[in-house]
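One letter stands for each residue in the lines below.
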Amino acid sequence: MTKKVQEILSYYRNENPGTQTNLYRLLNHGTLAGTGKLVILPVDQGFEHGPARSFASNPGGYDPHYHFQLAIDAGCNAYAAPLGFLEAGAAEFAGQIPLILKLNNHDSMVSEKDPISSQTGSVGDALRLGCVGVGYTIYPGSSQILDMYEQLREIAEEAKAHGLVVVVWSYPRGSGLSKEGETAIDIVAYAAQIAAQLGAHLIKVKLPCQHIEQSAAKKVYEAEKIPISTAAERVKHVVQSAFNGRRIVIFSGGAKGDDGNFFNDVRAINEGGGFGSIIGRNSFQRSKPEALKFLKTVMGIYSGQQS
Amino acid sequence: MTKKVQEILSYYRNENPGTQTNLYRLLNHGTLAGTGKLVILPVDQGFEHGPARSFASNPGGYDPHYHFQLAIDAGCNAYAAPLGFLEAGAAEFAGQIPLILKLNNHDSMVSEKDPISSQTGSVGDALRLGCVGVGYTIYPGSSQILDMYEQLREIAEEAKAHGLVVVVWSYPRGSGLSKEGETAIDIVAYAAQIAAQLGAHLIKVKLPCQHIEQSAAKKVYEAEKIPISTAAERVKHVVQSAFNGRRIVIFSGGAKGDDGNFFNDVRAINEGGGFGSIIGRNSFQRSKPEALKFLKTVMGIYSGQQS
Amino acid sequence: MTKKVQEILSYYRNENPGTQTNLYRLLNHGTLAGTGKLVILPVDQGFEHGPARSFASNPGGYDPHYHFQLAIDAGCNAYAAPLGFLEAGAAEFAGQIPLILKLNNHDSMVSEKDPISSQTGSVGDALRLGCVGVGYTIYPGSSQILDMYEQLREIAEEAKAHGLVVVVWSYPRGSGLSKEGETAIDIVAYAAQIAAQLGAHLIKVKLPCQHIEQSAAKKVYEAEKIPISTAAERVKHVVQSAFNGRRIVIFSGGAKGDDGNFFNDVRAINEGGGFGSIIGRNSFQRSKPEALKFLKTVMGIYSGQQS
Amino acid sequence: MTKKVQEILSYYRNENPGTQTNLYRLLNHGTLAGTGKLVILPVDQGFEHGPARSFASNPGGYDPHYHFQLAIDAGCNAYAAPLGFLEAGAAEFAGQIPLILKLNNHDSMVSEKDPISSQTGSVGDALRLGCVGVGYTIYPGSSQILDMYEQLREIAEEAKAHGLVVVVWSYPRGSGLSKEGETAIDIVAYAAQIAAQLGAHLIKVKLPCQHIEQSAAKKVYEAEKIPISTAAERVKHVVQSAFNGRRIVIFSGGAKGDDGNFFNDVRAINEGGGFGSIIGRNSFQRSKPEALKFLKTVMGIYSGQQS
Amino acid sequence: MTKKVQEILSYYRNENPGTQTNLYRLLNHGTLAGTGKLVILPVDQGFEHGPARSFASNPGGYDPHYHFQLAIDAGCNAYAAPLGFLEAGAAEFAGQIPLILKLNNHDSMVSEKDPISSQTGSVGDALRLGCVGVGYTIYPGSSQILDMYEQLREIAEEAKAHGLVVVVWSYPRGSGLSKEGETAIDIVAYAAQIAAQLGAHLIKVKLPCQHIEQSAAKKVYEAEKIPISTAAERVKHVVQSAFNGRRIVIFSGGAKGDDGNFFNDVRAINEGGGFGSIIGRNSFQRSKPEALKFLKTVMGIYSGQQS
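Protein chains in written order, with the numbering used here: chain A, 1 to 307; chain B, 1 to 307; chain C, 1 to 307; chain D, 1 to 307; chain E, 1 to 307.
Some clues are possibly wrong.
Given that identical chains are not distinguished, each listed pair holds provided it fits within a single copy or across any two copies.
As the list claims (entries may be wrong) - Computed cross-link-like contacts, EDC-like style, restricted to lysine to aspartate or glutamate with a CA-CA straight-line distance of at most 20 Å:
1. K218 x D107
2. K206 x E180
3. K4 x D63
4. K4 x E48
Please keep in mind that the hints were generated in silico from the structure rather than gathered at the bench.
None of the values given here were measured: they were computed from a predicted structure.
Using the sequences and the accompanying hints, generate a full structural model.
Following this line, the structure appears as structure tokens:
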């Protein structure tokens, strides 16, 4: 065990050895094993956006086995997906890549101002599929957030008792926020704090912008001169907001765009002390050789082998 | 065991042998045994549309025994119905035809924009009645869809633990969709994907039309030039959307109409790689001799013995 | 055991011997024992309409013992009532008359467009009170019907496992229907079908009128020329709609009115193949001697000893 | 309800109406209905003594249906048997004769000085088979008696909560007693008392002889000049010992012997205030016509229509 | 469904349709499908006698797949084995042969005078492995028999509620019996009776010899002149002792010996009305071609195609 992993695990000393064992597995798998950094492949877009929007540009992705193999070949730390995708390959790829069962999901046939996902898997499913952890999405800012907090609480309690890692996707959204506010620095930091307070072991947020959404917060940011002008500073602030670095925070990549910008974001995450990235569409919506090359670059930045 | 059945069962390797055994039973019963194709008789219209609309045109169908016998005589792979219809004949016809207990139902006295069915049977009922599986309907597009996903999740987890097959009727409907959108190709493909992600073993959808409902999807279909101009191409796309053919997808026949058109649809399903048909009203709303002849033609197309 | 009772019991072969035993008790008690016909006394009006509206016209009825004795003296097949009424006399009259515990009830202090009853007794109550079965009311047509279906489902599964009979009062009502529609022939037939599909052993509906509520149904009734012009024809259609006579369907008498009309209704039920009547207000809202005479006439019609 | 039945039921006022209902059913079935006397057919000898010893003399008895029909045709109050015998006919004879499920049994392949039976059925079995009660054998005098008391306690508590009657076969036997002591008057009276104290509703003992087993008891019988010289006096004493007649005590007939003696015993039971007989081997080990004649005589004595 | 199967299923009318379905599957599989006769392959000798004693003579049998394939190729009605053997092949052979999970087992490292097996599988295991039933061994004659009866009772109640078949191996053994007594005609008949009384659907006993073990029984056999001099007569008596033919009784073949004698035994079982054989060592302790030929002869005798 590297010093870095030892240090990170020390943040979770209160958890039972089962959960620590699964955290260890996450941190010691793939290209970034032992570095304390993580790159995770998530594929829940089939459920969230529909199959053609998700997979038509690289039709191999219609096949659930594709993503297991991609995560393995790219040297990701883990692969995260909803029940059906994991069921369809968990036996064939058993043991080859740490799995995270995404426990709630949301489709895009009904669009509502205040979103909520529904539970589509259980802790029992995660155990029978051999997962290291479970994932759950919350939408702070939605008027339905209380139901999400309560469902997550129950799931997290059960997951921890069974030695699993709890991963929370914390995505501000809903009538409580402006569109720009969804990635406002105060709001993303707040979302990270909430996920940590809810007992998440691993927190996924979006890379924040410089906007400050809440006037009460704005006063403080200005009074205290919190540095948020660069992406790296903002990452540092978000990591600080997740228990001063005592919780693993990783950042999502968003829709496919310019690769150069993406790598700059990764450099900022790394520089700001972020723990890594969770990269879905940028991974599986291009051909496999391109995806492997792309992910190799990302991991190179995190491992310090590429500037 | 034929190669074809062996291949299909291999898609479900993660499931316990009990569920695989019941899948085998479905795939190895009746005229199409061993071909990898299925024709299932579903009779839930008495609950869904009322008795006269369902059975008056062929009054034998008021009697629950009629449908057991029809499914047996026609060589169907299975018979699916709500609790009462199965209770009324399960002892008399024990073992003669694989049974699927339809676990939720919906009547048409109250019409709502956003439909939801209610649970009318349980996994325990399915076991005491000797069923190979349970069926559940979801209405993606309904504002009440989250409750359906969560109820299905619980039922599916319990059913799988007891070795049963989970069949999902995925019927887009509700305020999130236009009327035409209910059978739009993007929506039907999406509905198949969702059912698969929810852990369905066998998915029933409607035969899609060429319409594309969602603008975000439309862009992709056009950009990627996904072929959807013929029925067979659309079937192929739906099957691809259900884990690239790794989940059994069958198509429902809809209301009684022109037989020639129906057989053309069956040919398209077959050509497009669909796994078969679930044919209710077209089976039991005509005289039994006609129904047997009709189903024989359908099965002939699927088995390749009739062009 | 008479041939008739033997035949009726054969419809319930899937049930355990306990439930069959209690069905036997219902069919073999009182004046109509062995005929396959039933007259049941239900007294839930105290809860449904309040005490004065229910009992002031014949104040003996305020006393729960009155109704036990009336059912016994009149030779009814069973007495059905809510928890309190049964608790208040079940010990004193133990064994003298088959009892049905009405498991849900509804008061008339709050009037809602879409009614739902609440559970006021349990299967455990029915067992400790020595009942042969439990009763449950559903209101198809109410927007709250889904909750009723689900509650009935749970109760029915538990009741059957413990050897009890499940009686369903299926009363169309609510915003999905016009006032006339509540007794429309298509709707009453539909209500009988739904109760049967939900697993009811004994179904209680209102005597239908000639009105057809649903336009989709109207087309079928006219196209198929379903005879519904006489009360007997309508009864026949309802019985057919309850699994072609494989489920016991009895008809409720409604409010007190002209006795001659009532007896004509009974003659129609008998002629149409109905299994009997459930007669509340017409029984207990007149003096006991008159009630006995009235019920004697009804039973005479059903037994064929009175035309 | 006769005065006699009313009086007997009044002894059980503490029980819930369900148990009272089933006691009523026992007391109001068959030839002796309403007399307060009972003749019950028990057939557990196949288990206790083996099939040939039980049924070879009248081979019809190998068939479980035979005993149901015998109990019905003879006008017995009830039929008692182990699980298998009841399962094999409970559906076919549903409702035609009150059933008592014998919940523990003992075979005679191993002979032990201190016998104990094992549980071979449950309260749940009794409910699903439509029984009015459960039966349980205890062997006071056996060194294993504490286990029997405790198992009976649990069963009785559950049975009563579900409205069933608890019948206890109280047969002194074991190292604590001499052979003669098994039917000693002090011991049989003691066995009746114990069964009553354990909460039995109906107690079955052997007809006692004049022997007094326990010296401490002997002193009292002599000091108090308790009359025990005739069989009728002994019956009276046993009935007194079962809560002064407040618990139903019936007497077993033992092995087939001289019919005249048997009828004299019945007369003594009747004269002494016993509640009836439980007659197995004397019923089913002779041809059916003879059995019917024999049981008719017994019932004639109890009903007072035969001296 | 053949008349014969229909008749046999009618003996189990009290069971739920699930159990009837699994009985149907047993009776309708393999070479003897529909004849009402069964040949079952049991392989629990690895546990009972150790691997070398069981499999060294035909080393293919060390491999669990061997036995699945043997049962399939030979056209057996079912394959019965302990947990491990079924787990090791249930997925690969899913659906191809009805499975019976042997729920208790006994090794031969400790030899006790009064044997008892221990539970090594559960009803839940049977469901997840896709079995049609569960098997359980009792040793009447052992001083530990009471514990076996009670464990079987619990298992059987749970199995039946879940729609499974209950198979009982009833093997007299223990300090209550002489060695010869283990196959004495009175004892084997008694063992069949006990299994039936315990609620077994299918009973397995050894082919009895002419010896009579119990003196009390001997008197009856002689007095009633029960014919037991030929093997066929003894089979007939055992079948009669299992509810007069209302329970399926099959006979075990015992250790490998002279094939001619074995076939004569099969002829006697057939002639005496036995329902078939359960043949372990004689099947798998010879080469597969020989085993297939051997079993073909056995099935030929049962089907009447070979004298």
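Status of each hint after checking the structure:
1. K218 x D107: between (34 Å within a copy, 17 Å between copies)
2. K206 x E180: Answer is within; shortest intra-copy Cα gap is 12 Å, inter-copy 36 Å.
3. K4 x D63: between (36 Å within a copy, 19 Å between copies)
4. K4 x E48: Cα proximity of K4 and E48: none, with 35 Å in one copy and 32 Å across.
When held up to the earlier numbered hints, the structure conflicts with hint 4 and nothing else.
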